[in-house]
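Engineer: Assemble the complex: chain E is given as a structure, and chain Z must be docked to it using the hints.
Protein chains: 2
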Amino acid sequence: MTERLTTAERQAALQTLGGWRETEGREAISRTFTFRDFNEAFGFMTRVALIAEKSDHHPEWRNVYKTVEVVLATHDAGGITRRDIALAEAMNAIAAQLGAA
Amino acid sequence: MTERLTTAERQAALQTLGGWRETEGREAISRTFTFRDFNEAFGFMTRVALIAEKSDHHPEWRNVYKTVEVVLATHDAGGITRRDIALAEAMNAIAAQLGAA
Chain E
1 MTERLTTAER QAALQTLGGW RETEGREAIS RTFTFRDFNE AFGFMTRVAL IAEKSDHHPE
61 WRNVYKTVEV VLATHDAGGI TRRDIALAEA MNAIAAQLGA A
Chain Z
102 MTERLTTAER QAALQTLGGW RETEGREAIS RTFTFRDFNE AFGFMTRVAL IAEKSDHHPE
162 WRNVYKTVEV VLATHDAGGI TRRDIALAEA MNAIAAQLGA A
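Protein sequence lines correspond, in order, to chains E and Z.
Position 31 (the first sequence) corresponds to 31 in our numbering; numbering is contiguous.
Position 80 (the second sequence) corresponds to 181 in our numbering; numbering is contiguous.
Rather than coming from a laboratory, the hints here were simulated on the basis of the structure.
A hint or two may mislead.
Among the chain E residues that face chain Z by a calculated CB cut under 7 Å, a handful are [unchecked claim]:
#: 1; residue: Phe-38
#: 2; residue: Phe-42
#: 3; residue: His-57
#: 4; residue: His-58
#: 5; residue: Trp-61
#: 6; residue: Arg-62
#: 7; residue: Tyr-65
#: 8; residue: Leu-98
In silico DSSO-like links for lysine-lysine, alpha-carbon gap of 30 Å or less [as the list claims (entries may be wrong)]:
#: 9; chain 1: E; residue 1: Lys-54; chain 2: Z; residue 2: Lys-155
#: 10; chain 1: E; residue 1: Lys-54; chain 2: Z; residue 2: Lys-167
#: 11; chain 1: Z; residue 1: Lys-155; chain 2: E; residue 2: Lys-66
#: 12; chain 1: Z; residue 1: Lys-167; chain 2: E; residue 2: Lys-66
#: 13; chain 1: E; residue 1: Lys-54; chain 2: E; residue 2: Lys-66
#: 14; chain 1: Z; residue 1: Lys-167; chain 2: Z; residue 2: Lys-155
Backbone N, C-alpha and C define an ideal beta-carbon position, used for all residues, glycine too.
So that you can see chain E by itself, here it is in the shape it has in the complex:
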């Protein structure tokens, strides 16, 4: 099983992950992505969904028109693992291609 990151590891990882922060009230990381419209927001979600399914690691996410709020955590590990950091990095890369804020 992928191991839960220590506080120091988590903070180091967040330093390199633009836009992500620790989620209030639980051990998870969050980011809100804002796109130009629903087409872009759902296009982003679709690309991420394929990655999530392939790696069997899925986000919690909420979409309202052009925004996508994401929370990542590894339930089996009871916290944040490298798998969350990897998925966050993949999301940032896709969002950057789409010109998200």
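Structural biologist: Then chain Z, alone, in the frame of chain E:
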């Protein structure tokens, strides 16, 4: 503009909409769909996204693995309109095909 339903119209529409209820604390309708897995949940969302985009009427929704929580309202009308009922009906039809609970 599509007109906001009256309380009586809203309640009549909800009678025929299996699984939907009035959203607590705001004038909107909600349903949580539960699928077998992420593949089905996101497949559902993808079909609904195409309908939403075509009709220019979009849901607020949250996906966690195999569940999709939906809230529908018509922001321009300040409440629930026929457009929300139509989207809810379309969601129910797609979910039923997929065998969702």
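Engineer: If a hint holds in the structure, say so; if it doesn't, say that too.
Structural biologist: For each hint, the structure was consulted:
no., hint, in the structure
1, Phe-38, "5 Å, holds"
2, Phe-42, "5 Å, holds"
3, His-57, "10 Å, violated"
4, His-58, "5 Å, holds"
5, Trp-61, "6 Å, holds"
6, Arg-62, "4 Å, holds"
7, Tyr-65, "5 Å, holds"
8, Leu-98, "16 Å, violated"
9, E:Lys-54 / Z:Lys-155, "29 Å, holds"
10, E:Lys-54 / Z:Lys-167, "15 Å, holds"
11, Z:Lys-155 / E:Lys-66, "15 Å, holds"
12, Z:Lys-167 / E:Lys-66, "22 Å, holds"
13, E:Lys-54 / E:Lys-66, "25 Å, holds"
14, Z:Lys-167 / Z:Lys-155, "25 Å, holds"
Hint compliance for this structure: hints 3 and 8 are broken, all remaining hints hold.
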